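Chain by chain, the residues:
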Amino acid sequence: MNIDRLIYIMVFMPMAGALLSYLTGRKSKHGRDVVVRLIAILEFVCSVLLILNMPGAEGSLVTVPGVCGMGLHFTVDGFRAIYGGIAAFMWMMTSVFSEEYFAHYRNRNRYYLFQLITLGATEAIFLSADLYTTFVFFEVMSMASYVWVAQDERKESLRAGATYLAVAVIGGLVMLMGLFLLYHQAGTLQISELYEACQGKNVYVAAGCLFVGFGAKAGAFPLHIWLPKAHPVAPAPASALLSGILTKTGIFGILVISCQILLHDAKWGAFVLVIGVITMFAGAFLAVFSVDFKRTLACSSVSQIGFILVGIGMQGLLAEENALAVRGTFLHMVNHSLFKLVLFMVAGVIFMNVHKLNLNEIRGFGRKKPLLAFIYLMGALGIGGVPLWSGYVSKTLLHESIVEYIHGLEAGTFAAGIFLVEDMKIFEWIFLISGGLTIAYMCKLFVAVFVEKNSDEKVQEAYDAKKNYMNPASTIALSVSAVLFPIMGSLPGMTMNRLADMSQSFMGLAYAGHEVHYFTWTNLKGSVISIAIGVAVYFLIVRTWMMKRQEDGVKVYVNKWSHYLDLEDYIYRPILLKLIPGICGFVCMILDHITDMLAKLLPIAGNVQAGFFDTISDGLIVFLRKTIYKDSPQAMELEEGNEVTHAFGTFLNKLENLLNQTIWRNHPHKKDFEHYFVLKYDAFKENTAMITRSLSYGLLLFSLGLCATLIYLLVAAMS
Amino acid sequence: MSHSVIILLAIFVPILWGLGLLVKPEFKNRKTLVAVAGAGLVATAVLSMAVIVSGKMELMLFSLGENMNIFFRVDNVGRMFALIVTIVWVLAGFYAFEYMKHEKEEKRYFGFYMMVFGVLLALTFAGSMVTYYLFYEMMTLLSVPLVLHSKTREAIMGGLKYLFYSLFGAYMVLFGIYFLNKYASTLDFQAGGALDMSAVAGNEGLLLIVAFSMILGFGVKAGMFPLHAWLPTAHPVAPAPASAVMSGIIVKMGVLGMLRVVYFMFGADFLQGTWVQKAWMVLALITVFMGSMLAYREKVLKKRLAYSTVSQISYILFGMALLQPEALTGSLLHVVFHAVIKSTLFMCAGAIIYKTGKTNVLEVKGIGKEMPVTIWCYTFASLALIGIPPASGFISKWYLAIGSLDSEIHVFSWLGPVVLLISALLTAGYLLPITIKGFLPGADYDYDSLKKKEPVKMMVIPLVVLAALAILLGVFPNPLTDFISEIVNSVL
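Respectively, the protein sequence lines represent chains A and B.
Everything in the first sequence is counted per our numbering, starting at 97 for the first residue and increasing by one.
Everything in the second sequence is counted per our numbering, starting at 172 for the first residue and increasing by one.
Careful, some of the hints might be misleading.
[Said to hold, decoys possible] Derived coverage of chain A by chain B (criterion: at least 3 residues anywhere in the stretch with Cβ under 8 Å from a Cβ of chain B; other residues may be distant):
# : stretch
1 : 155-164
2 : 231-241
3 : 267-275
4 : 679-691
[Claimed, not checked] Residues on chain A that point at chain B, a partial pick, calculated with CB under 8 Å:
# : residue
5 : Asp-248
6 : Arg-250
7 : Tyr-279
[Unchecked claim] Far from chain B, by Cβ distances over 10 Å, these chain A residues were calculated:
#  : residue
8  : Val-547
9  : Thr-618
10 : Trp-657
11 : Arg-761
12 : Val-774
In short, the hints are calculated from the structure, not lab data.
Quick caveat: nothing in here was measured; it's all calculated off a predicted structure.
The C-beta atom is built at its ideal place from N, Cα and C for all residues, glycine as well.
Can you build the whole structure from these sequences, using the hints too?
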């Protein structure tokens, strides 16, 4: 089958299958489970076919033109094919396990819908040939996998889901900024062309933005916060995928930055190394404190991602000589994916039987269950880096790469750059201590679940009585995954070296690298130191300081980790949800209302201003009237009437007098005409004053004036 | 000339149809009203599609005086805008046939709705500044009744606020037109600008002020800070289908006005590197951030969406202000995408109100279980608006950001994308909680009392069509992008 068609099937079949499973699920739950398993198995078969068909087709570009503008581009090489295969393998195993695990869950249709969409998106990320395609499917994956975390809809789940989504969205946006910058500077996003296109350009800002985005998904410090929150609440199969595969998509992105854009860049390598060292130690440290089975595993994931980042950092520092780092990085990725698959499924078995994860409550569950103990031990010994298990191989390679750099610095083959020999020795010790802490927390889980008895004897009896704790399908899924580790670990030459050979070209390593003899004393030494540290920590700290004897004499695990040290609750959430929205929101509210406020303020201001000037002018008039324009002090003798009224009135009075004495002698008239005329005259005077003072009078005069003007103009025009 | 009469038909058939609805006495039964209005919508859609399909043509109607032609010219910009107007207007119209059942005086609503449809088509086909201004004012006046439809106190105050803001903006535009009449060789739109450079020489400062005033004037309708305040007041009080078209379409006429003024009257070269460009970018970026932030803090769903419109329209304005081909492409893409997305979102909000009466985002717990199709549409539209690939908003933001970086304008080239991304984060913060609460109501949700409340098909189908467009336009954007690139190449 040709490569194009395989890739299309691997990317788009699960997405179509998601819809199919949803529609089937509305009719029959069982049919849906069958569909989901079939699709996962088919996907795995395709991925195997892809690996088999790959030789000769490496690097060929498969394009889906026009989709999302730029088109989607896929390609295949050893790294991509193997990781596509691991993803498909994990999906297959978890799907097999899921049916039993989810038997009593609600909304399973929804879970499977998003599970299969995520599968397609994850395969697309690993097979993507340009960062544009990577980004498109990265976002699809982030959004779809949110549903996993929040699946059971408990309060903690929804909160953890919100954290997961927030980290995903913020990471995605920062990554997008990085892509903008990179595309602007390099003019291409084709992964294989990026190295050439970025030569001689300062792409550190772009690379930094991309690192934040991919690092958030990978769980690098300080954006690891979603892992310890999301895993304990997510269903176990989902945790296995989140931790085993989804974090690796982040690592894939970081590898693209470190092995394509900034290949063999010492400064970049140093940066990644520091982040890696912090992540590695912080994760392991947190895991030792944890008293929750899945939280321990989640913190452990953070720590292991730190180991991988250390490897990536060492690739940059070692530059051309980085064979050990390259191979170690890749093998540790593979190992960690598989370890977490097994360990989270063990957690799932515990949870589906007792619905608890607290170490004090599940204590003793694993007693008299040798198969489960065996499966857990394989994973634990593997992740602890114990010789003969696969984790030892990858950790040794990583450790040796640090040692090689130290030797190189001492011998002068590497120019002393950012780090001195002393710094590197400190890093080496942190590496070994982190490895020791891994042993310690794995011991803590093992002893608690499989060795100790529960403090409550009745509970212990119930636990012991559970014989059918998982069905045959789950048993097969777990056992098959678990036996891989000792096989890979005891025959590294046949298994792990081959994987590394196939994948190393992706990381810019052309030559085969010298043969590493894993089981010599020099190489074993690191592992032995780690194991010694682990045992010491377990007995001196975990068994003493981290346990408390209760009143009834039973020792219980206590969480010594202060909740005030929670980055999310005490720094990120307050800043992002309270402080910034508070301040910015206040400023924006002012901006929002500024126009309306102005619109309201203007009339008010107008009124105030008018009132102000009114008061001033009124005051001025009063002031003037009381000073220079003062009324004259002597009382004015009001004159009544005038000469005409006086004369006329006197005349009429005399006439009246005359008539009274003559004609009207019998009915004399008694009227004072002089007074009468004075009254008439006053009324007239008042009316005149009223008219002259009125507006209409003014207008009348004005129009008269206009008329006069008009007449004048007419006359002037006529003459 | 003969076949270009169809432009007039497309414009005046709906206007007269609406007028007829308004003057006709009340219908006896509701079905007749729906049938008449529906027939009008379909007829107009057919006519407008006929115009859009038949390609470039011109029609000179009459002249108000020298240089003041009432003149229509169908160009690619007009065709694009007309297509969006038609699609959204018809779908929102059909949605309204169901939604308006719970409002009174439907006849008035559909009467004005039809008239505004005609006016909008006239705006998209307008060939000169005077024509544009004329129909722009008409649009404002005719759309006020849609806002104050419910005649509550808030609705009337909201309607008046909309009216006064719009009139203020329109006068600033008119002020500009007086000057353009003097300094432009013609008031007809010309790709690349119509300034008469010999007349402009020496008066550049004045013309920049004029340009700024016209940008601010159209910025009122487009909800650009500082004259955006009508949007969050007017949208929530209008009936949901009216808010959908207000947000989806009517605000875009402000955008179209700016596009015409900047790229068809002044010309991009005239504004390149001037203080007007910088001030425009600053205002647009402030609006982008402010709108998202306020939407994030707002609890009333429709008001939240209105603030979101304020923010999203300024994405478009920022892209236009960059005067750069890629950015302008992104900007025009966002015109299309936002029209589709925001109408979907408002119609979903309407469906929620219609079926449950819930308006507050805190009350929507479990809504996705009650009306799954509606909330799925809401979710797809939300993802598109945030810009999650492969949904549509991502494509426009990609072009905007790349254009911004390529413009190499000091500071703004990188500040723009940063603000856009912060705003995208806030967009996720204000849209997704409804989906999450809707579909993941919590373990204590009472499934037994769950009742399906999915609205009838008449409401759901427009939603599904628009939501599908919001996604599909993002997955297969190339035909649209090519069409827009052609426009961009003609003006830049």
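Checked hints:
no.	hint	verdict
1	155-164	holds (count 3)
2	231-241	holds (count 5)
3	267-275	holds (count 5)
4	679-691	holds (count 9)
5	Asp-248	holds, 6 Å
6	Arg-250	holds, 5 Å
7	Tyr-279	holds, 6 Å
8	Val-547	holds, 34 Å
9	Thr-618	holds, 49 Å
10	Trp-657	holds, 27 Å
11	Arg-761	holds, 83 Å
12	Val-774	holds, 61 Å
Of the numbered hints given earlier, the model fails none.
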